[in-house]
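**Student:** Single-letter residue listing:
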Amino acid sequence: MKEIKIVIKNLNLYYDKKQALKNITLDIPDKKVTAFIGPSGCGKSTFLRVLNRMNDLIEHVRIDGEVFVDDVNIYDKNIDVVNLRKNIGMVFQKSNLFPKTIYENIVYGPKINGIRDKKALDEIVEKTCMQSAIWDEVKDRMNENALSLSGGQQQRLCIARALAVEPEIILMDEPASALDPISTAKIEELIHDLKQRYTIVIVTHNMQQAARVSDMTAFFYLGELVEFDRTTKIFTNPSKKQTEDYISGRFG
Amino acid sequence: MLELHKKKTDIAGLTAIWIIRIIFFFLVAALLLLIGKIVIQGIGSISVEFIFDDPKNNMTEGGIFPAIFGTIAVTLIMIIMTVPLGVCSAIYLNEYAKDSLLTRIIRTSINNLAGVPSIVFGLFGLGFFILFIGRGMDNVLETGLLFGQPALLWASATLAVLVLPIVIVSTLEALNSVPKSHRDASYGLGATKWQTIKNVVLPQARPGILTGTILAVSRGAGETAPILFLGAAFFLPNLPVSDLCIGDYCIPIINPAKQFMYLAYHIFILATQSSNPTKTLPIQYGSTLVLIVLTFMLNITAIIFRYRFRKKLGRL
Chain R
3 MKEIKIVIKN LNLYYDKKQA LKNITLDIPD KKVTAFIGPS GCGKSTFLRV LNRMNDLIEH
63 VRIDGEVFVD DVNIYDKNID VVNLRKNIGM VFQKSNLFPK TIYENIVYGP KINGIRDKKA
123 LDEIVEKTCM QSAIWDEVKD RMNENALSLS GGQQQRLCIA RALAVEPEII LMDEPASALD
183 PISTAKIEEL IHDLKQRYTI VIVTHNMQQA ARVSDMTAFF YLGELVEFDR TTKIFTNPSK
243 KQTEDYISGR FG
Chain E
156 MLELHKKKTD IAGLTAIWII RIIFFFLVAA LLLLIGKIVI QGIGSISVEF IFDDPKNNMT
216 EGGIFPAIFG TIAVTLIMII MTVPLGVCSA IYLNEYAKDS LLTRIIRTSI NNLAGVPSIV
276 FGLFGLGFFI LFIGRGMDNV LETGLLFGQP ALLWASATLA VLVLPIVIVS TLEALNSVPK
336 SHRDASYGLG ATKWQTIKNV VLPQARPGIL TGTILAVSRG AGETAPILFL GAAFFLPNLP
396 VSDLCIGDYC IPIINPAKQF MYLAYHIFIL ATQSSNPTKT LPIQYGSTLV LIVLTFMLNI
456 TAIIFRYRFR KKLGRL
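Here the protein sequences come in this chain order: R and E. Heads up, the first sequence is in my numbering, so the first residue is 3 and it goes up one at a time. Heads up, the second sequence is in my numbering, so the first residue is 156 and it goes up one at a time.
Quick caveat, the hints were computed from the structure, so don't treat them as lab data. Note that the coordinates shown come from a computational prediction; the quantities given were computed from them, not determined experimentally. Every residue, glycine too, gets a C-beta built ideally from N, C-alpha and C. You can trust all of the hints, since none of them are fake.
Chain R is nowhere near these chain E residues, computed Cβ spacing over 10 Å in every case:
1) I175
2) P272
3) R290
4) P432
Which bits of chain R does chain E cover? Going by a derived footprint, with three or more residues having C-beta under 8 Å, they are:
5) 46-59
6) 77-88
7) 91-97
8) 106-119
Starting from the given sequences, assemble the full structure and let the hints guide the process.
**Tutor:** Listed below in structure tokens is the structure:
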């Protein structure tokens, strides 16, 4: 089994003239949870979006460096970005379900990939909802508007929707920051189950969450990668003083 | 210690509210008086014959059916022309065009187009559609004088250009109101730009597009100046309808090459060039009432669609 899923080498990102990410080099392990932590504005969300080329949608962004997923440089000119994003799914901070039915939200991805057979779509819906621990709550409400669900349910539905296109990697940008503690706990439990099948990268400003949920942790500060190591080491015995200061709350 | 005072009267606030109330009252009163007068003076003329008969006896008797038909025909063809063009323009401007000098010029031009007086559109329609394109087509296709003269098609085309800014601006607003997070979600699932527009953005923009259509219909159905020399006639013995024959089967369809009668134009002529003002006055009011009701009915159809789209999106 391959150990490393994503290799990032000397990555720099510029918004116009301002440099937002400085020389980031990092190896993200396969089928593990990697957390990005750091104070607001340190670039962790921007860096997450580099991994599935969502920054391409913003004008005036320039990227230098290489990002290899399974030995393929995703910033190569010949790469089909649309296909890339099917392989690398994303869950956003606030649920962005479409104003359609629950069923239509989940099958959106498969449908634009050309899957039309109702039976196949139904199977996808059931499978992904079970994986996202939301099947029991929505199986009788498939034709209701997705926005009628609670915040925590919507976020789990977003995860189901992302799983429906069968990605190998799931990127999560502060997925539980807008949720209550019980929903947050459910999402964290979900992440623990998902990592058996998917490589997960999660951005979080909640350090305790990172400590609970992740196997590896990367600490970012002002656009630079300060330290990257096993989560247990980062939180008990960090190598850099900056990391220790952040963990212990001396700044944040 | 917290002191509890008696509530001080907000004089400035109360004055403002009452000024607004009085102005509002006058506006509503004016509107009611206008509609009321039209209804009262016009309702007497309304009858089944009035709506479905042809005019008789030099407009002093009979009905206004051809004018009703002409108005509906012109407005429908106008909508068919302007909505796809307007919506596509708005999609291009909002989703595809990079911000450059050219796009800024285009946006400014669209806004300025909205301020052009309608009679100028009439002259434009005559010069461009009838004389340039119409006569040009006649020369190339050697059809004599078929396209180069006033006709329903050119009237609809001119009105379509007139209302185009309305449709474009409404659609732009609607497209912009779709949250970026929904587009991000779509791209994140591996959709192309067009798939995102077609499946996520446009469905959410439908109510706004329909608003634009409603406004365009109201404007177009009421315009008189542009169609003055584009095909409106005071009296025509036949409807602008021809038979489309395939073998032995003929169905009547609207013939866009013919001239037409038009309610707004009809009212104008009755008011200014009537041969017998006493007899035609009630007909004038009746026609005006019919025009208002017709516009209202055309709008109601669009309003119903918009209501259903909004309901489907979950935001009423």
